[in-house]
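Protein chains in written order, with our numbering: chain A, 1 to 174; chain B, 1 to 498; chain C, 1 to 493; chain D, 1 to 105; chain E, 1 to 641.
It is possible that some hints are incorrect.
As the list claims (entries may be wrong) - Below, a list of computed lysine-lysine pairs in the BS3-like style, where the Cα atoms sit at most 25 angstroms apart:
1. K151/B x K87/D
2. K88/D x K165/A
3. K101/B x K33/B
4. K587/E x K160/C
5. K165/A x K87/D
6. K371/E x K587/E
7. K431/B x K160/C
8. K101/B x K65/B
9. K88/D x K151/B
10. K33/B x K151/B
11. K151/B x K165/A
12. K367/B x K160/C
13. K165/A x K101/B
14. K367/B x K431/B
15. K313/E x K534/E
16. K33/B x K165/A
17. K313/E x K371/E
18. K367/B x K101/B
Source of the hints: derived by calculation from the structure; they are not laboratory data. In this text, all values refer to a predicted model and were calculated from it rather than measured experimentally.
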Amino acid sequence: MIEILETSLFALLALGVLTGGLMILLARRPATHAMGFFIALLSVAGLFALLHQSFLFFAQVLVSVGGVVIVTLIMILTVNLREADLPPEPHQTRWLIGAAVIIAPLSLLLYQTLTTLGDAFPPVSDTFGGTRSLGTLLFHDGVLPFEILSVLLLTAMVGAIIIGKKEQSYDRES
Amino acid sequence: MMSTLAPFLPTTLVIIGAFVLLLISTVRSIHLKSYLYITVVFLLLAFAVALPQFGTRSGVYVLPKVFGHTYLADDFATLFDLMFLGGGALTLLINAIYLRKRDYYNGEFFALFLFAIFGMMTLAHANDLVPAFISLELTSIAIYVLTGYHKNYRGSNEAMLKYLVLGSFAGAMFILGTAIFYGVAGTTVISELAAFIQIHGSEHLLALSTAGLFIMITILFKIGAVPFHSWLLDVYLGSPFPVTMFMASVLKVALFAIALRLYLILYVDTGLIGNQIISFLAILTLIGGSWLAISQSMLKRMLAGSSIVHGGYMLIALSSIGLGAHLAAPAIMFYLLSYFISSVGAFGILSYIAADSNRPLTYEDFKGMAHRRPYLSAMMAISMLSLSGFPSTIGFLGKFYIFMSAIESGQFALAGLGIFIAFVSVYYYFKLIAMMYFYPCEEETCEQHPFEIHVSTLLIGLMALITIWGGIGTSLIPWFPGADGIISIAKQAIGSLP
Amino acid sequence: MSVVLTWIVFLPMLFAGILGLFRVRHTVLRAGAMLSALLVLALTLLTVVQFDPQAEGMQFVRHLPWIFQYGITYYLGLDSLSLVILLVIALLMPLLYLYMWDNPTSGYWYNMLLLQTGVTGAVLALDMVLFYLFYETMLLPIFIMIGRYGHDWNHAHAMKILLFTVLGSMAMLFAILYLGYAHYNFYGNWSFAWHDLARLPLDPQTATWLAAGFLLAFAIKIPLLGFHTWMAAAYASAPTPALVILSAIMAKLGIYGLWRFGYGIFAKVLHLYEPILLALSLVGMLYYAIHAITQNDLRRMFAYSSGSHLSLIALGVVLANLYAWSGSLYLIATHALASAGIFLMIGLIHQRTDTVQIDALGGIASVAPRFAFFFTFFALSIAGVPGTGGFVAELLIIIGAFSVHPWLGAATATTMLAAMLFVFWMLQRTLFGAPAPSVATFADLSRRETVMLTPLVLLLLITGIAPSLFTPIFTPQVQEMLLQFIHAAGGAS
Amino acid sequence: MTVNPDAYFAVATLLFSLGILGVISRRNLLVMYLSIELMLNAVNLILATFSRLHPDEGGTMIALFMIGVIAAEAALFLAVIVQIYRKKHTLDSDAFTELAQGKKL
Amino acid sequence: MSSSLPSLIVLLPFFGAGVMGFVYLFVPAGRNLRRFYVAVGIGTPLLAALLGLIVVGEMLTLPASASIASPLYSWIAIGSFEIDVAFVVDRLSAVMLLVVTLVGSLIHIYAVGYMWDDQGFGKFFAYFNFFLGAMLLLVLANNPILLFIGWELVGLASYLLIGFYHHDTANITAANKAFLLNRVGDFGFVSGLGLLFALQKQSGFDFAAIFAGLGGIDTAMLSLIGLLLFVGAMGKSAQIPLYVWLPDAMAGPTPVSALIHAATMVTAGVYMVARFAPLYNRIPDVGLFIAGIGAASALLAALFASWQNDIKKILAYSTMSQLGYMLIAVGLGEYSNGIFHLAAHAFFKALLFMGAGAVIIALHHEQDIFKMGGLGSRLPAVRRTMLVATLAITGIPIFAGFFSKDAILSYAFASGHTTIWAIGVVVAFLTAYYMFRLYFVVFVAPNHRSSRSRQSPSLTSLPRSMVWPLFVLAAGSIFLGFWNLPEAYGGSTWFSHELHLADHEAHLRFAKEYILDGFNVLVALLGIAIAYRKFVRPSHPLNAPIHRIAWQRALANTLYIDTLYDRLIVRPLRGISNWQDRLIDPKIIDGSLRGLVTLYRGVATQSARLQNGNLRWYALTFLLGVSGISLYLLIAIGGAS
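Go ahead and model the full structure; you've got the sequences and the hints to work with.
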């Protein structure tokens with residue numbers, strides 16, 4: 001029963017992921033993109049949950065869905081994209097098919113590589129993926145990346161501010 | 001306590017400097033010069049702290065209780081630290097005039113600069129793919145912003161956009177590779193991975209190779225190896241001079257730091273990455289880069305194209321590692337240094353001259369330069385000679401080591417191609433020399449610019465001197481350190497790796 | 001004593017550095033340059049005096065480590081082969097400075113000083129990497145001089161000579177690197193010293209390929225037929241002092257390289273290339289001479305003439321017997337003197353009339369008899385008239401060729417005719433006939449110019465009248481080299 | 001457990017490929033950005049799957065860091081897009097070719 | 001025995017040349033230096049002649065096979081190529097030494113008068129002395145290399161002297177031609193020497209050593225050597241096919257022509273063959289070839305001479321013709337007869353040229369004989385001496401030419417080479433005809449110049465220095481023959497005896513010889529008669545003949561040989577040169593290189609065009625790389641596992 005539920009949930013989420021992806025890939029209007037993005041990220045979060053990654057699920061929901069998607073949405077609204085400003089894409093299908101052919105080896109390789117690495121999920125304890133265990137790990141193995149990541153975020157923030165700031169007063173064209 | 005923390009000191013100094021700059025950048029009244037010198041002081045301080053550490057360690061995990069095995073202090077990393085710090089300071093000082101003429105560079109610029117260097121340093125020290133990735137991202141993000149720093153300049157925007165899109169795109173490959181490594185071995189610590197591969201390597205050859213190559217793809221992208229080079233010309237052109245120079249010289253060093261570490265520890269003995277694929281890429285890079293460089297009229301683009309070629313040379317040596325070339329890795333380090341010195345000279349002069357004009361410089365702009373600015377022309381000529389690998393410059397020795405490595409590893413065709421490409425490069429480098437020296441000055445532009453005694457110009461001159469000194473060596477002046485010593489140092493650094 | 005070569009090589013560069021540092025005035029500059037040239041000449045004569053022709057191997061050797069990792073050394077040395085060329089360089093430089101005496105362009109002088117260091121270094125270097133360094137570096141001042149101070153498409157021609165020569169030397173570089181590696185493979189230690197590489201037991205196929213690299217470099221430098229299209233271009237564009245260096249010295253370095261390194265290192269496989277080299281140099285000798293006939297530019301004409309003679313020298317080297325080798329070595333020196341003379345005088349014509357086109361000239365002999373005398377003298381010595389050194393050399397090469405095979409000898413003897421094809425017609429149209437408008441105010445040789453040319457004339461005469469004064473300096477070592485070559489070549493078959 | 005890890009990998013691979021396709025085949029800068037985000041999320045999915053597979057929380061931790069990186073990149077991307085749109089009023093990536101064409105900038 | 005005198009003899013003229021050349025070039029003009037030039041320019045040859053006489057006098061006291069050696073220094077010594085600068089006077093070179101110095105001195109003296117007004121007086125004497133020195137070097141050399149040096153220097157000197165009037169390009173062209181053709185000969189000569197050296201087994205390369213070692217070389221090779229050496233002689237002695245320079249060489253001042261034709265240059269070939277007598281004696285076939293060439297040249301030249309109008313050209317062709325005789329002689333192995341004819345010819349040919357020069361000077365550089373005429377009464381001295389010379393060359397008895405020429409012809413007959421003999425007789429007839437044609441037209445026939453040049457030419461009076469050497473030479477032309485009076489005429493062929501050369505022996509009975517000689521004289525008289533009929537008693541007024549018939553025109557234009565050379569050699573060479581200049585170098589060599597470069601740059605430009613700034617393209621190329629690598633992995637590793 002649970003298995004069926006899990007399977008169907010997985011199918012649903014997988015469908016969500018792909019739908020979101022395809023919406024981004026194929027749609028033309030920014031609103032659809034945002035929607036697709038939202039669906040995709042949320043579905044990924046759901047998949048995290050299915051994988052017993054509870055902390056990751058929350059993080060995804062909070063940061064990605066709650067943060068990134070929202071900010072993206074705000075951005076779309078802020079710049080108030082006009083339909084006319086959207087690029088014309090006359091040969092989209094052709095490009096799509098061409099690109100699909102080109103990336104086929106990569107996808108194939110990726111899939112082939114990944115599928116050799118495990119047959120079935122082993123059972124895990126309930127605490128797997130929880131905040132406590134992850135926190136312990138983070139303070140044991142992840143201090144350095146964490147520190148660097150903090151600097152990274154700071155940098156990105158500073159950078160985003162610098163880039164996003166309105167025109168400065170010094171307007172020397174060069 | 002002090003001794004255990006010492007390896008952190010340079011890194012810490014840099015990050016402190018970055019914060020200091022961020023803080024004071026809010027103060028409007030501080031002059032740009034102060035930012036510049038504060039940055040340089042921090043860099044030099046860090047340099048001074050790092051310098052005595054060289055030659056003291058090999059494979060020491062710093063504060064293992066806190067950081068686990070992720071942060072490694074060894075001579076290898078220290079040497080690269082020194083190159084980043086010195087290179088960063090040089091880049092800034094040489095561009096001092098350029099920066100001075102443009103008031104939109106402020107504290108944040110220098111803070112980002114320091115962030116980038118911080119990222120590079122942690123990259124060099126990282127013994128774990130995850131911090132390595134994050135450091136790389138940190139450096140990249142800082143440089144994305146630096147690239148687009150001059151927002152009112154459309155080219156700058158465009159450059160940043162391209163770099164950002166393609167850079168993140170390429171960055172995904174790194175983390176994908178890391179993920180696969182993790183999937184195979186359950187760890188991302190490089191030394192543990194190496195140990196794992198020693199034992200189980202053959203079972204998961206495809207996965208491991210895929211992971212290794214995906215990581216390499218990101219590195220190759222940043223180096224600008226063909227076919228991952230396409231961003232390079234536009235980004236170099238669109239970036240402000242100090243940033244271009246930084247990317248061409250220091251960033252490349254950083255990437256080879258991680259590439260070498262991965263290669264020497266992870267790939268070489270385990271045969272994860274076929275040398276032939278790197279060789280093949282080296283061939284593509286050499287040919288493609290020379291094609292790009294030869295067909296440019298703008299100097300910055302030419303230098304960008306040529307920097308692709310120089311990346312190709314280093315790939316030659318990279319592909320020779322493990323094939324019996326006893327100096328392949330030191331050759332790369334020597335080449336990095338030689339390329340750094342010569343390209344810093346070249347970019348520095350470009351930026352010095354471009355400081356006044358607002359146009360992208362072309363070959364034509366250098367017509368008759370030797371009359372207007374004899375000293376600068378001489379320095380430029382020396383840089384060009386060195387870049388083309390003309391003997392009696394440090395560039396020749398760099399190429400010499402590279403070719404020797406290729407020959408030692410039995411890749412004769414590759415060495416031959418490298419030599420041929422060096423021949424082709426003579427054309428586009430000497431074209432500039434010809435422009436400078438062959439034309440009499442036209443009347444209206446004939447006035448001689450006096451040689452401005454400034455830290456920028458003096459450093460460019462110093463670079464020129466080092467270029468010559470490095471090429472000629474020391475046999476005429478006994479007891480004076482020779483360029484040969486650099487190889488010994490590099491060898492020692494390589495030796496400090498497990 | 002072993003330092004003397006170092007001084008000879010680097011004294012001009014040192015002077016260039018010091019003079020350049022103080023940005024001296026023209027008068028000081030030229031005095032300094034002349035001083036350096038005279039000092040080098042004095043040192044060179046000192047080495048000649050100290051030189052022991054009977055001794056085997058190199059003399060005045062200076063051998064210091066340079067690049068430890070690959071066993072590259074700073075290795076200078078001298079044997080009679082290099083001594084001859086060194087002597088020529090040292091002799092010519094003061095004369096060239098005399099030629100340039102009133103030229104106020106300081107860049108000219110610095111380039112010449114550096115050029116001297118370059119060519120001298122290439123002659124004396126015995127470590128292959130060091131040799132390559134000098135071989136390539138000497139190109140730079142030439143490049144600048146042609147491009148900056150030359151004329152007639154000089155920019156393109158500077159690029160042409162640069163690219164041709166660099167192409168060749170790059171091929172050589174590859175071979176050099178491989179040789180060093182092979183040395184390491186065989187003996188376990190690195191060395192790029194010439195004599196170490198010479199005793200490598202390379203397998204024939206590899207050696208053949210490597211020899212091709214060397215030969216390409218030298219074929220371009222000499223230039224042999226087919227590799228020569230840069231020659232006339234560069235000669236036509238080069239300013240006179242650079243031109244003299246090009247023809248009198250740099251081209252000889254191609255020969256020198258072929259001789260010392262081609263024959264020294266690849267003795268075993270060179271017989272494979274012998275037919276090609278023989279054909280190229282033989283046909284080239286005539287080809288260039290015929291090409292010279294219709295040239296209207298004096299520089300181009302004598303460029304081809306130079307080519308013809310260099311082919312002859314190369315031929316002598318390829319013939320590989322005592323007479324031919326002695327003749328080639330002798331011709332290296334005498335042709336250097338003669339071509340220096342002729343090119344200097346062409347430069348004088350250019351200074352006086354602003355043209356070196358033959359059809360714009362004519363009748364110089366009527367206005368300037370001294371000039372005509374010297375010009376005729378040099379032209380004739382290029383044609384190899386007896387009494388000048390060129391005759392002796394050509395005779396020796398011809399005899400050497402006959403010692404190999406009668407037909408070869410007869411073919412070589414056509415060199416007697418080669419120069420005739422154009423020299424006399426040229427003389428007729430430049431010196432003789434009614435004076436052309438351009439030479440109406442042609443000034444005869446001034447005292448400085450006479451002083452500049454007289455040593456060349458005297459030397460050519462002495463070398464022609466009493467070659468026995470000079471041959472003992474080099475014959476024993478040439479014989480020794482020949483024995484070594486035959487021994488090495490014989491070891492293969 | 002009925003859902004095979006391969007299924008997760010398949011989803012991740014597909015998502016990754018969709019991301020790449022988005023970058024290449026579309027001219028809309030916004031789509032490009034979103035596609036890159038999708039790629040990174042695909043990698044995250046892979047990491048989470050591996051983590052579950054081993055089972056070992058190292059992968060989870062990496063994915064966590066990745067979320068940070070994704071956020072940082074997103075910030076930068078958005079800033080750039082805003083900036084660019086403000087300047088040029090277009091999101092057409094093909095409109096940014098001035099550097100390559102060597103125009104006077 | 002050895003003596004330093006021969007060296008001194010050789011060096012003296014060179015010294016004179018050097019001194020005069022230096023003074024000419026470096027002492028400022030304007031000062032009157034002529035006396036100095038005269039002193040040095042005449043002094044050195046006279047001194048040389050004097051020393052020569054002393055040496056020869058000394059020589060005659062020695063046995064015939066002895067020689068006086070005069071080594072100076074070692075010229076070169078490499079391997080077995082040991083050449084000394086050493087001179088030797090033996091009987092053969094003694095004759096040459098005397099001829100060269102004596103006749104040469106006379107010509108020098110003559111030249112003082114001839115050149116007195118010339119701007120380049122000093123230069124002329126410098127060249128002249130140089131010429132003499134070169135010839136002495138050639139003659140006295142003790143080894144073929146030194147001989148060759150002299151041989152070449154003679155060519156050089158002739159170049160300088162023929163082109164002496166260098167304002168006129170035609171003169172220079174003539175000088176070029178002379179040197180070029182000589183050089184072609186020299187090419188053969190040096191090839192012969194090279195081959196000889198390569199083949200010989202003993203060391204040492206002086207004549208004595210060479211002749212001693214000839215036995216070691218097989219005959220075929222010896223023949224080749226002999227032929228090659230003779231090619232040199234063809235050039236120097238103006239024989240078919242290398243003769244065309246000779247008539248043009250008249251462009252120089254007349255004393256130069258005299259020197260070239262009489263005493264020095266052209267005789268070198270004959271001398272060389274005689275010098276190499278031991279070699280040629282081994283290869284009679286080549287000797288016959290030489291004789292054949294000589295005969296052919298003699299005939300051809302005589303034919304040409306009969307149709308020429310230029311006084312100097314007539315004499316030039318006559319020289320060529322006489323040289324043919326000499327070569328017949330040396331070719332057939334009668335060396336001493338050849339040398340004797342050489343000596344005699346030196347006297348009368350020098351006389352002829354100097355006489356012609358006097359006429360030319362007197363007529364203000366007029367050379368067409370048909371514009372002269374009737375000069376006999378105005379220039380009696382010249383006329384008389386010229387008559388002597390003409391008779392001598394025609395071979396009228398008691399004159400030197402009779403004995404010398406008839407000796408050659410009789411020998412040819414006696415040795416069975418009747419064809420050559422017959423040609424010789426025809427040539428003798430033609431010689432008589434054209435020489436007297438010249439004599440009659442210039443001196444005897446009335447002044448038949450057309451009305452436009454009617455004005456009585458004011459003849460320049462000849463300086464004494466130009467006249468009295470004529471008499472000396474005339475005396476020589478008359479009496480020289482008695483030195484070698486054949487036995488048939490009661491003599492003892494003293495000259496041939498003393499010469500002591502390796503002659504072949506062939507004797508005729510006296511009666512036969514009388515008949516032959518008589519026949520010869522008859523033939524000569526016939527020639528004179530025809531000339532007399534045609535030019536002294538002409539049926540119509542004498543004018544420059546206009547040749548209407550093709551063969552006449554052809555002969556007057558010397559069979560278009562010059563044109564032939566031009567078409568066959570000069571133009572093709574220029575054509576090739578042009579072709580190299582326009583096609584091979586720029587198109588084929590540079591063109592293919594440029595093609596490669598263009599290709600490379602083209603590819604480069606195309607590939608740089610991929611750098612189109614388009615972000616998607618960039619991503620695509622990136623992805624192509626990734627895909628490629630993936631494919632590689634799939635195939636290389638994935639397929640394997």
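Against the structure, the hints:
| no. | hint | result |
| --- | --- | --- |
| 1 | K151/B x K87/D | holds (10 angstroms) |
| 2 | K88/D x K165/A | holds (16 angstroms) |
| 3 | K101/B x K33/B | holds (11 angstroms) |
| 4 | K587/E x K160/C | holds (16 angstroms) |
| 5 | K165/A x K87/D | holds (12 angstroms) |
| 6 | K371/E x K587/E | violated (56 angstroms) |
| 7 | K431/B x K160/C | holds (11 angstroms) |
| 8 | K101/B x K65/B | violated (49 angstroms) |
| 9 | K88/D x K151/B | holds (13 angstroms) |
| 10 | K33/B x K151/B | holds (21 angstroms) |
| 11 | K151/B x K165/A | holds (10 angstroms) |
| 12 | K367/B x K160/C | holds (19 angstroms) |
| 13 | K165/A x K101/B | holds (22 angstroms) |
| 14 | K367/B x K431/B | holds (10 angstroms) |
| 15 | K313/E x K534/E | holds (20 angstroms) |
| 16 | K33/B x K165/A | holds (23 angstroms) |
| 17 | K313/E x K371/E | holds (15 angstroms) |
| 18 | K367/B x K101/B | holds (24 angstroms) |
Hints 6 and 8 from the list above are not met by this structure, while the remaining hints are.
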